[in-house]
Amino acid sequence: MHRKTIHEIRDLLRKKEVTAVEVTENSLKRINEIDDKLGAFVSIEADKALEAAREVDKKLQAGETLPDLAGIPMALKDNMCMKGTISTCSSRMMEGFLSPYDATVVERLKANGAVIVGKANMDEFAMGSSTETSAFKLTKNPYDLERVPGGSSGGSAASVAAGEVYYSLGSDTGGSIRQPASLCGLVGFKPTYGRVSRYGLVAFASSLDQIGPFTKDVEDCAIVMNTLAGHDPMDSTSAKVEVPDYTKFLTKDIRGMRIGMPKEYFGEGVPEDMRKCMMEAIDVLKSLGAEIKEISLPLSEYALAVYYILASSEASSNLARFDGIRYGYRAKEFTDAIDIYVKSRTEGFGDEVKRRIMLGTYALSAGYYDAYYKKALRVRTRIINEYKEAFKEVDVIVSPTSPSVAFKFGEKTANPLEMYLSDIYTVPVNIAGVPGVSVPAGFIKGLPAGLQFIGNYFEEGTLLKVAHAFEQATDHHKVRPTI
Amino acid sequence: MKYEAIIGLEVHVELATKTKMYCSCTTEFGGDTNNHCCPVCLGLPGSLPVLNKEAVNYAIKAGLALNCTINKETYMARKNYFYPDCPKNYQITQDETPLCTDGYIEVAGEDGEKKIRIHRIHIEEDTGKGFHRVDGSYYDFNRAGVPLIEIVSSPDMRTPQEAKEYLEKLKAILQYVGVSDCKMEEGSLRCDANVSIRPEGSEEFGVKVEIKNMNSFRAVEKAIEYEIKRQIKAVENGEDIVQETRRWDESRLETVSMRSKEHAHDYRYFPDADIISLSVDDEWINRVKESLPELPEQKKTRYVKELGLPEYDAMILTMSKSLAAFFEACVAEGGNPKEVSNWMMGELLRTLNDKMLEIDDVKFRPADLVKLIELINKGTISGTIAKKVFKEMFETGNNPEKIVEEKGMVQVSDEGAIIEIINKVLDENPQSVIDFKNGKTKAMAL
Ligand SMILES: [Zn+2]
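Heads up: the sequence lines are chains A and B, in that order.
Each residue of the first sequence is one higher than the one before, counting from 1 in the working numbering.
Each residue of the second sequence is one higher than the one before, counting from 484 in the working numbering.
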């Protein structure tokens, strides 16, 4: 059962061939069996999950037609607040933080009868591309336990790929959904900035963060997006743009669709086996009747630099509230308030988080602000314009999701820059604020590789349409790891 | 050498909105500790601020009343600093794009009317409050997130009196338009002063010192006065003025150094991406403009032109919204403006001053004052008696007719009635009549 998709389980529930409690118990059993070696979860909420499942069964028994997600087990990345549960962001700094409120996405999930079974491991405060910066544990790639699942939403990705849950939510600031989806053979969706409410998502970089789903196929992705998307009065950056039924876009017909191939995304940085994989994928798109156009996005090469200045600057301020005074970790011994701050933060934050706080603090400091932060903002505006121009020529843009497949633990931890390069194709999408999706595009030496589609603002539907057409023309999404 | 002082004021005013700046918690004063709070104003992880439109309305109102330009495109910024009363360890405020700029207030000044320019007004949030006890420090976040505006003047004031006058005028205007109750004692109006000196005739500015912790208008005046003297003395002794922040010590009546510029914060201001930038269009501005009540200057002109009051009376009566409201209520009750003004400027304000009370503390109604004047005009009581009646009114809140009747303070002018009363008194006091006839003058006291 754990190999099935949301829509398959939904149909079984509706046909009363299984109950939500059975599905949930099965999920919990699977977690129990494999999570010791997989390490996808930092906490499990079995009682709450079973209670939610029982509610769904009651309604099903009463003959009610329930939403698509009702009764289906899922996982939240541990940076999303859920009332009465601990949120850690995989950091010691948030030790014992019991949220008194639900994130808007959690509210929406609950209203749709979702069964939230637990919180998934992540890079500390979502800073990383391998989930190795988690203060608690390593999450393994279900395809090869010696390798990383990607990050920062590595736990969310691994939990779905390994069949512990049927879908999960992650957050994507520079590729943190798409890159692990690529490395774990899943569909990972980063909506347009403002499409999904950020209320209740512990902020890393406010102007870049977006919540999105991990699913086994595109249809599942459309189903979850139907629940997540929409304006939220609690988040003033959430857009008042109408939400269509995303499943209506899944027509498989992409004849005449203009797909842009930015030459900068297929340049020297792409290893030969990855390039081969991508070119095969593009041939599939051609065979479906899409028109492939070479385009140029020359400013993309600055996106990573812009990203590390803006994201770190925002993070340095967003993470200031973790000071040991009101909640979270507090140093055992201290002399005064300043001492609480210094000791608690020194002991509570990991190296990568400290690195970014320092980087951001520096970029915002008097005398450096104009040269770094302001300049980065100006380049960001130009990157946005470059994307806007590109979407006058093409309907979607295609690229590899990541330059590489899953790498081994420790392979890139010694050199932060090398780790940062994992996100080179995903970061520009966050900088521009447009939507992006990674879909399974094949395997390189037995490890999944993802193809990224990038869409115009609020054109999630078009993006899902092309991703679905591609997926349905291939078999990559049907492969499951053997764990 | 003669020195000239350069004074600028930074005034924080709490806006009288029902809810906080970025969440829907109440702004009500008091309440149990940490009871007017939510995830947003407590800065809990994941929470997001949403700008209170009503607070923006109030700030625009203040800006228009203070003759400012309203800036149509502005954004909120973060001011980063670590302090336990600041739940996010940054304050959401405005930096490069204040909502209002380039206004002014007119004050009387020593050499006639003078414009004090207002450099900027921006919107921001208040912090919580710390309590330090023997067993540790405690924080109450009920005030955290209460909407504030900061009104920064240009360094246009030259004397402590001008500074006090500016503040009084500012308070009056803000109360008029109803954006704040401006109670310095409750902290809904706070004032910091920047003071420097320079030789008279010089164009250059001296080193500026910031003064904090002044808890009344009088304290502002006193502190500035002290600081000017201190700086002059220092310069005359050949010392350098240090750029620093000083605290007014009310008990010692002096300013005390708090921190020097080297210890100044780098607040690392940058745009707050959690709040979309604020666009105010002409329609919005016009809507607020139309909702503005008559301002003190306009009222003053009207009192002079339409009600025939002397310039000085009109100025005094329009000093506070409540005072003007009392005056207008009296006129509405049929009182003669000049007579009402005389009573208010004389007896009423003097009594209030003596008793350190405000017009809002007056117990009798405007109609009662009009009635009192009527009693004089009809000849029922004399001016001297009226003052006694007024005193009684002020103390008890009773209406003048009742007081006059109960105390028998009638001035009678009808001759027949007087004789009747005399006869009645004489009849009731036969012994006195006999005493009087026997030459004892004490009976006259009747
Ligand atoms: Zn609140």
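Think of the hints as simulated: they come from the structure by calculation, not from any bench.
Glycine residues also receive a C-beta, built at the ideal position from the N, C-alpha and C atoms.
A hint or two may mislead.
What the hints assert, rightly or not - Far from chain A by the CB rule (all over 10 Å, computed), these chain B residues:
no. : residue
1   : Thr509
2   : Pro567
3   : Lys571
4   : Asn720
5   : Asp755
6   : Asp757
7   : Glu816
Unchecked claim - Here chain B is said to cover these stretches of chain A; the calculated rule only asks that three of the stretch's residues, wherever they fall, bring their Cβ under 8 Å from a Cβ of chain B:
no. : segment
8   : 96–107
9   : 254–265
10  : 322–336
11  : 400–406
12  : 432–438
Results for each hint:
For Thr509 (chain B), the condition that its CB be more than 10 Å from all CB atoms of chain A holds, with the nearest at approximately 18 Å. Its beta-carbon lying about 5 Å from the closest one in chain A, Pro567 (chain B) breaks the requirement of being farther than 10 Å from that chain. With a least beta-carbon separation of about 5 Å from chain A, Lys571 (chain B) fails to lie farther than 10 Å from that chain, contradicting its non-interface assignment. No Cβ of chain A approaches the Cβ of Asn720 (chain B) within 10 Å, the least distance being about 33 Å, so the stated non-interface status holds.
Against the 10 Å criterion, Asp755 (chain B) falls within the reach of chain A, whose nearest CB is about 8 Å from its own CB. Non-interface status of Asp757 (chain B) relative to chain A is broken: a Cβ of that chain comes within 10 Å, the nearest being about 5 Å off. In this structure Glu816 (chain B) is separated from chain A by more than 10 Å, as the shortest Cβ-Cβ distance comes to about 48 Å. Restraint check on the segment 96–107 of chain A versus chain B: 5 residues with Cβ-Cβ distances below 8 Å, three needed, restraint holds.
Given a C-beta distance limit of less than 8 Å, the hint that chain B covers the segment 254–265 of chain A is violated, as 0 residues qualify and 3 are needed. Here's how the segment 322–336 of chain A fares: 5 of its residues keep a CB closer than 8 Å to some CB of chain B, so the rule of at least three is met and the hint holds. Closer than 8 Å: that is the beta-carbon criterion, and the segment 400–406 of chain A has 0 residues meeting it against chain B, so the requirement of 3 is violated. Counting residues of the segment 432–438 of chain A whose C-beta sits closer than 8 Å to any C-beta of chain B gives 0, which falls short of three, so the coverage hint is violated.
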